[in-house]
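*Asks:* Based on the sequences and whatever the hints tell you, model everything.
4 protein chains.
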Amino acid sequence: MYNFRNDYSEGAHPNILQKLIETNLQQQPGYGEDEYSLQAKQILQQKIENDDAAIYFVSGGTQTNLLVISALLKIHEAVISANTGHIFSHETGAIEAVGHRIITVESSNGKLQPEAIQNVLKEYTLRPHVVKPRMVYISNATEIGSIYNKAELFELSAFCKENNLLLFMDGARLGNALMAENSDVSLADISQLTDVFYIGGTKNGALLGEAIVFNNQSLAPEFDYVLKQKGALLAKGRLLGIQFLELFKDNLYFQLANHANTMGKKIADAVNECGYLFLTDPVTNQIFPILPKKVIVQLETKYLFYQWKEIDAENTAIRLITSWATNEEIVNEFITDLKEASYIDK
Amino acid sequence: MYNFRNDYSEGAHPNILQKLIETNLQQQPGYGEDEYSLQAKQILQQKIENDDAAIYFVSGGTQTNLLVISALLKIHEAVISANTGHIFSHETGAIEAVGHRIITVESSNGKLQPEAIQNVLKEYTLRPHVVKPRMVYISNATEIGSIYNKAELFELSAFCKENNLLLFMDGARLGNALMAENSDVSLADISQLTDVFYIGGTKNGALLGEAIVFNNQSLAPEFDYVLKQKGALLAKGRLLGIQFLELFKDNLYFQLANHANTMGKKIADAVNECGYLFLTDPVTNQIFPILPKKVIVQLETKYLFYQWKEIDAENTAIRLITSWATNEEIVNEFITDLKEASYIDK
Amino acid sequence: MYNFRNDYSEGAHPNILQKLIETNLQQQPGYGEDEYSLQAKQILQQKIENDDAAIYFVSGGTQTNLLVISALLKIHEAVISANTGHIFSHETGAIEAVGHRIITVESSNGKLQPEAIQNVLKEYTLRPHVVKPRMVYISNATEIGSIYNKAELFELSAFCKENNLLLFMDGARLGNALMAENSDVSLADISQLTDVFYIGGTKNGALLGEAIVFNNQSLAPEFDYVLKQKGALLAKGRLLGIQFLELFKDNLYFQLANHANTMGKKIADAVNECGYLFLTDPVTNQIFPILPKKVIVQLETKYLFYQWKEIDAENTAIRLITSWATNEEIVNEFITDLKEASYIDK
Amino acid sequence: MYNFRNDYSEGAHPNILQKLIETNLQQQPGYGEDEYSLQAKQILQQKIENDDAAIYFVSGGTQTNLLVISALLKIHEAVISANTGHIFSHETGAIEAVGHRIITVESSNGKLQPEAIQNVLKEYTLRPHVVKPRMVYISNATEIGSIYNKAELFELSAFCKENNLLLFMDGARLGNALMAENSDVSLADISQLTDVFYIGGTKNGALLGEAIVFNNQSLAPEFDYVLKQKGALLAKGRLLGIQFLELFKDNLYFQLANHANTMGKKIADAVNECGYLFLTDPVTNQIFPILPKKVIVQLETKYLFYQWKEIDAENTAIRLITSWATNEEIVNEFITDLKEASYIDK
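Protein chains in written order, with UniProt numbering: chain A, 1 to 346; chain B, 1 to 346; chain C, 1 to 346; chain D, 1 to 346.
Bear in mind the hints are in silico, worked out from the structure with no lab data behind them.
This one's a predicted model, so the numbers in the text were calculated from it and none came from an experiment.
Fair warning: there could be bad hints in the mix.
Not close to chain B: a few residues of chain C, all C-beta gaps over 12 Å, as computed [claimed, not checked]:
#, residue
1, G32
2, E35
3, D51
4, S89
5, G99
6, S186
7, F223
8, L233
9, L252
10, L304
11, N332
12, D337
In silico EDC-like links for lysine to aspartate or glutamate, alpha-carbon gap of 20 Å or less [unchecked claim]:
#, chain 1, residue 1, chain 2, residue 2
13, D, K122, B, E106
14, B, K122, C, E35
15, B, K122, D, E106
16, D, K132, A, E222
17, D, K294, D, E333
18, D, K122, A, E222
19, A, K19, B, E22
20, B, K74, C, D224
21, C, K132, B, D224
22, C, K249, C, E35
23, C, K249, C, E77
24, B, K74, C, E77
25, B, K19, A, E22
For glycine and all other residues, C-beta sits at the position ideal for the given N, C-alpha and C.
*Replies:* Now the structure itself:
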């Protein structure tokens, strides 16, 4: 059985493992003060074109989200998120556990628009009987594979500034967003248009690791304390530094995201050719084809994937995720199997 | 400069890196459900001789401590620790940040005795104006290199049971404790005599990783939620599973701890031969020789270590830490340099 | 201007003030151990027909809610509430601030039905990536004046038991609910059908005060610690005890609630006579008449009340609240003014 | 039995009850926006000679402490307190429950000096592995009856400013401190020399109530949210406003504190006359005579008080607390009984 359920089924890109071996016995300072981490941060500052950024490496997405939000919000402040947002839907109350409400907004495409945020601000005016909305959390790519274009980010950014809201982008799949065919956004744009964001490594070639970027170092000058307090400061921080060094010193990060997207696109094209539709526009490495149930049953004999949402008595949307590690031969095989099942079904 | 400051200056034992490479492209379920983690847990259950134990792998010691304590204590309950305890002295208020007081007890040797705990219980009786002591936190080896023997653990365990206190052992350096020359304690003893403990990997050959062991699975039946909520559940849990598998499938863990201790012992013997004393008895991989300041100045030209505590105008206790990765040739060189400096000083 | 905005515009029922004066210089133990508190608890146990209940007096509703919820839920557990629920809409994130998510359910009438809760349970199954629903919070009367009948409570209670959910009733306006014309529920029923509830004093004749009732004292055997920790334990607990003693020793509590409801009914009848409708059925002391805007403008020259919701270009629902202290003469005057404005409008 | 155990055994000063009756049926806005609260705040601003102060009324001391500390500290910051400080010794972990460590300092007289704080700062330098000390908490009068003079406060204040520490004074017994014979401190001094303090009402004539004073309103501009979130905002805030109005409009507050101190002094003088010593200098309404155990046994037949600390086989220090309500006749009787018991003992 080949697994299309997620983008963390394999280990790390071989270059990373190779570098771990090469550097293994070099003695280094602990807690992120190692030379690899320092170098990786420098390279990232160049990639995002922002010398004023403060960068920290941590282990995972939920950890990142609770660190950033607990460091930036006062105790009576809240964060606004799409109802599909990872902090609301898949993090076991991590944000509430550090004391903050997540104010959710219905979103059919996983994205937030200024209008929806404006409605929240109107709803939350009865001071002091309500929390104070102070941050907007968005994901790019979103949890359902959609992406923000530059105009949308620009508009969101301006709206947040006008309304004294911090803009935080969850970039667990930022590589996939930036490398999407229809993307007009660069890492430097992200750095300019958000207050804080993170660059996800775990889902794009690393064993583990996310790079938190505060675009202005005055935003969280004592974030190091928070890292340690929440159990996020690794003794062997080199493990994170080495990975981001490998991922960014030669643009490996973008190549890997591109591969994942390309594999997704290949499958999406085949879905199209078979005459099937999608739940959401397939632009990154997460695609949601709507297939006849009979076809799904057939595919499930060889492939693992989630049935995402029943559409009607005959059809269901499934979720397929490709990654940096997805084998193109197996993608080809999947396409063949899909076409065959589709042919039989008709 | 060779670094004797800590036991996390290098990467991982080569076997671990080798296994990461071998298994790298095997697709595995995420979040700790991979086959390596499952296998590692089985092996650990055998090593601790306790089929009823529930085992979880996480990234680091502070994370472990806050997870265990927040999962087991009610909101008005507190944990008792030596004032040298890591949770009190080096974790940036991680335990208070999850809502609990650490009640500290003065301890000259880093260890806790029933008598001291009894005094705390007497002090904390003015219910409901005081917190309720509910857990005892000990470290083995302690933060200053001392260890508990079986009689001490037995007595502590009995005292805790009588007084409705949970006994939690921080085993960041458990390997070093168990492999100390004068130790009469086994992993199985630890499992029998504590309620919960952890086996530290980060400081004994792993890139990162601690194994939390609840000795009775009914103690924290919903700990998986807590792991996720606190950001401790790695998507690629295989990284932790593989490491513990390598460390424990053939007793590598104990060999590595033994090497660290042996290197420490070698230096300690040389210190003895030079006629110097120790701040605390040198039994594990942390030793605290009291050296003339002139000797220290000399050693500092080639080696990194902490000056721990000034003893008098002429002498200071230093801390030297050896590890699984400590190079024996350098230890020999250090001994030569020590003897030379000592000779000149006299 | 006469204020119909809320039921806490005046002080306390005169009997209470009288009793405060009579007992003023009697020395009493502090922290709720005074004889008035003990006596009031005994009387309440009789009224709810439950000797096994554990009762605590505190200052206000938000305080009550955060105390009960933080005492009963584990850190990964959540509470389910109608989106109109006070804990979600008017308590500044008090529940999130003690670490718990409020899972909201859309409700048009302010009430929760098993079906809606069942949907939440279905949504929150992806353990451990989601919180665990563990408590159901309902208000009676609800925040929009509706009440639960016995059959509804019975059904909810059974559903909660089957699904391992605690049922918590916010009784800030419990007196008004119980004394509603169409109510078939008694205090004893509430005690039997919920796990924990509170009897609101602040909005029914007291200066301040809510009585928290755990219907089974084994539910929160160490609640006294929590009271103190959250700053809810008054040194002069007598102030709360005396009030509940006065309110319950001769059924004053019910008489006061009845007066409030009767005043509401009088106005509601007049609204009916004028041919106007209501946003929700007027059964307690909160009524929501839908009036022509012109009529509203007229009434606003003499009375304070909230415009609750615009219905259409011509009409708006307003909220009128009556209380134990509402002056019947002014109610009569209001009715006259309403009829006059209504007449002119037609 | 007459109770000298504490200063909250009686109700409120009669003027307060009288005013509650007079104003009882005046309709007022809720949540502290009533005219009595507004007027009381104005009067307090005059008394402390600080128009820039922001004042809030709340119910009790533990509540005050947790509100102030949680509003002012960031999540990685800690508060320094004497080990006798109320926040450490008698508040059930209220401060840790909102996430902050209390760093304690041994103090024989209940007071903090700059030198002790300086030692804490030296100890807490290993950023980011330790919390950041950010606030100094002192009590005046202290928990053992001692007081700060102006020079001490001046020195503390200067030290805190130099070291970026906020100075917070717990004034649960501030009246007693200011009215002590040897006091050279005024309310205006307190306002100038601290960042935030509170004026205790509960122990000096009120039913309940403490006035929190931020001496600079920019210090906590959104404190209203915190009040509500922690359950501290009373619907009938008038109850607190009326009390502070009565206590301060004509200096009743100071007269009541003076009475309490005078009663304490009377007993202290008698203790002196009998030739007995004190555990701490008797300057406020808490005195700690060291009496022969036989004398204590005798007194215990008629009076309630705490045995504070055994001094030797023959003698024990007891604690006697007088208050605004202490009856002078009974004080005289107590003195007679003391002298008689003392005479017999000799």
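*Asks:* Each hint should be assessed against the structure and marked as holding or not.
*Replies:* Now for the hints, and whether the structure bears them out:
At roughly 10 Å, the least C-beta separation between G32 of chain C and chain B is not larger than 12 Å, which violates its mark as non-interface. Against chain B, the non-interface label of E35 of chain C holds: every CB pair exceeds 12 Å, the least being about 19 Å. Here D51 of chain C stays apart from chain B, with its beta-carbon at least about 23 Å from theirs, past the 12 Å limit. For S89 of chain C, the condition that its CB be more than 12 Å from all CB atoms of chain B holds, with the nearest at approximately 25 Å.
For G99 of chain C, the non-interface assignment is contradicted: its Cβ lies about 8 Å from the closest Cβ of chain B, within the 12 Å cut-off. Remark: the non-interface label on S186 of chain C is consistent with the geometry, its nearest Cβ contact in chain B lying 32 Å away (cut-off 12 Å). Here F223 of chain C does not stay apart from chain B, with its beta-carbon only about 9 Å from theirs, under the 12 Å limit. Not every beta carbon of chain B lies more than 12 Å from that of L233 of chain C, the smallest distance being close to 7 Å; the non-interface claim is violated.
For L252 of chain C, the shortest C-beta to C-beta distance to chain B comes to about 30 Å, beyond the 12 Å cut-off, and the non-interface label holds. Non-interface status of L304 of chain C relative to chain B is upheld: no Cβ of that chain comes within 12 Å, the nearest being about 41 Å off. For N332 of chain C, the requirement that its beta carbon stay farther than 12 Å from each beta carbon of chain B is met, with the minimum near 50 Å. With a closest Cβ-Cβ approach of about 52 Å to chain B, D337 of chain C is found to remain outside the 12 Å limit, as its non-interface label requires.
The straight-line distance between the Cα atoms of K122 of chain D and E106 of chain B is roughly 19 Å, inside the 20 Å bound, and the hint therefore holds. Taking the CA atoms of K122 of chain B and E35 of chain C, the gap is near 29 Å; set against the 20 Å cutoff, the hint is violated. Restraint check for K122 of chain B and E106 of chain D: satisfied, since their Cα atoms lie roughly 19 Å apart, inside the 20 Å limit. A hinted pair counts as satisfied when its Cα atoms are at most 20 Å apart, and K132 of chain D with E222 of chain A qualifies at roughly 10 Å.
Restraint check: the Cα-Cα separation between K294 of chain D and E333 of chain D comes to about 18 Å, which is no more than 20 Å; the hinted pair holds. A threshold of 20 Å between alpha carbons decides the hint, and for K122 of chain D with E222 of chain A the separation of about 19 Å falls inside it, so the pair holds. Pair hint K19 of chain A plus E22 of chain B holds up; C-alpha atoms about 15 Å apart against a cutoff of 20 Å. Distance restraint check for K74 of chain B and D224 of chain C: the Cα-Cα separation of roughly 13 Å lies within the 20 Å cut-off, and the hinted pair is therefore satisfied.
With a CA separation close to 11 Å, the supplied pair K132 of chain C and D224 of chain B stays within the 20 Å bound. For a cut-off of 20 Å, the pair hint linking K249 of chain C to E35 of chain C stands: about 14 Å separates their Cα positions. Restraint check for K249 of chain C and E77 of chain C: not satisfied, since their Cα atoms lie roughly 38 Å apart, outside the 20 Å limit. For the suggested pair K74 of chain B and E77 of chain C, the alpha carbons sit about 13 Å apart, so the restraint of at most 20 Å is met.
Taking the CA atoms of K19 of chain B and E22 of chain A, the gap is near 15 Å; set against the 20 Å cutoff, the hint holds.
Of the numbered hints listed earlier, those contradicted by the structure are 1, 5, 7, 8, 14 and 23.
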